[in-house]
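Student: Based on the provided sequences and hints, a complete structural model is requested.
Protein chains: 2
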Amino acid sequence: MKLSDARQQFISSWGAFATHWGINRTMAQIHALLLVSPDPLTQDDIMAGLSLSRGNVNMNIRELVDWGLVDRILLPGERKDFFSAEKDIWKVATQIIKERKKRELEPMMKLLAQLEDVEGDKKDKDVKQFTETISGIKNFSKQADRMLDIMVKADENWFVGSLLKFFK
Amino acid sequence: MKLSDARQQFISSWGAFATHWGINRTMAQIHALLLVSPDPLTQDDIMAGLSLSRGNVNMNIRELVDWGLVDRILLPGERKDFFSAEKDIWKVATQIIKERKKRELEPMMKLLAQLEDVEGDKKDKDVKQFTETISGIKNFSKQADRMLDIMVKADENWFVGSLLKFFK
DNA sequence: TTATATTTTCAATATATTTTGAAAATTCAA
DNA sequence: TTGAATTTTCAAAATATATTGAAAATATAA
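Read top to bottom, the protein sequences are chains F and V.
Quick note: the first sequence, position 119, residue 399 per the numbering used here, numbers continuous.
Quick note: the second sequence, position 137, residue 417 per the numbering used here, numbers continuous.
Treat the hints with care, since some could be wrong.
The list treats identical chains as one, so a pair stands whether inside a single copy or across any two.
DSS-like mimics (lysine-lysine), calculated; alpha carbons at most 30 Å apart, straight line [as the list claims (entries may be wrong)]:
no.: 1; residue 1: Lys-418; residue 2: Lys-371
no.: 2; residue 1: Lys-382; residue 2: Lys-422
no.: 3; residue 1: Lys-371; residue 2: Lys-382
no.: 4; residue 1: Lys-433; residue 2: Lys-418
The set of hints was computed from the structure by calculation and includes no laboratory data.
Keep in mind it's a predicted model, so treat the numbers as computed, not measured.
Tutor: Right, here's the structure in full:
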């Protein structure tokens, strides 16, 4: 397969894949382009490479920088900003875990804690089912949260080595 | 907090939360409603409970059944179909993992395998970066895939007990 | 059968999200 | 300063997704 076709297919599939994860197609495509680009790119490079408008590239690049997946690079003597993606996939994954924990899991856990005690007869089956469901989700989230914390702190070799040996 | 308010808030937050995970709001709200309902509900119950049209409820209920998160129940002597959600959150989680692995992770891994060898000079930096990126993602996915397999096979107590003790 | 209840489908509509592109703001060299 | 290069913003347009509701299909009781 030709490099240009393979790159094209990777970028487009990565974009489609991302939509299943609540990430917009364009943001994922820009990320994919930067992942396969050995050198940093400018906004214009990205616009040309993916046929997108300036505004669109600008907004999605900012989002990627906010997520900590892309760095803005100022090259000496260059007027334009350059952008470069973190290439180490383990680091990419842990960064995404960190952010999603902070943005989604933690707020959800706060809400669950608030919903845990409702007024009313503990023997009423509606009350009972509600509190059981909430506490079930709360406990599960707590475990998941802890596990993710540990994964984020660990390094890749530890994960690949110890954890998977343990699992076998 | 009153039960009715707490239920309302849970349903609405669960719906909002789900949109970050590529799941539509309505499907998640129906799921939430069924999770807190001790008895099975009919389509009409769900329509009334969430103020949704018949068609909408019908489509999203089918989707939930396809995902294996909700069962269609035929009560003897009842004309209407009833629906009930799996209440065990561990089972819900493993079911979601199974389905997403099958629907998303596995197809992506197939694609990555195809993209792994591209024509061209292995010393060309574009070729090099592309193959390194693809193989990095491929290896990471393989590890994740294995870990998820093991989690799905394991039961909850194992997860909560051994795994987390190991992590500490 | 036939009539009625129930479920499913799907074109039309409504809503939400993404994208554009030009104007405004900012940066920076001269 | 000034002016050209670059980045950012954001209202309007385009696109994508979700929702409705009524008609068609299906199931069930009489």
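Student: Are there hints from earlier that the structure breaks, and if so, what are their numbers?
Tutor: Violated hints: none; all satisfied.
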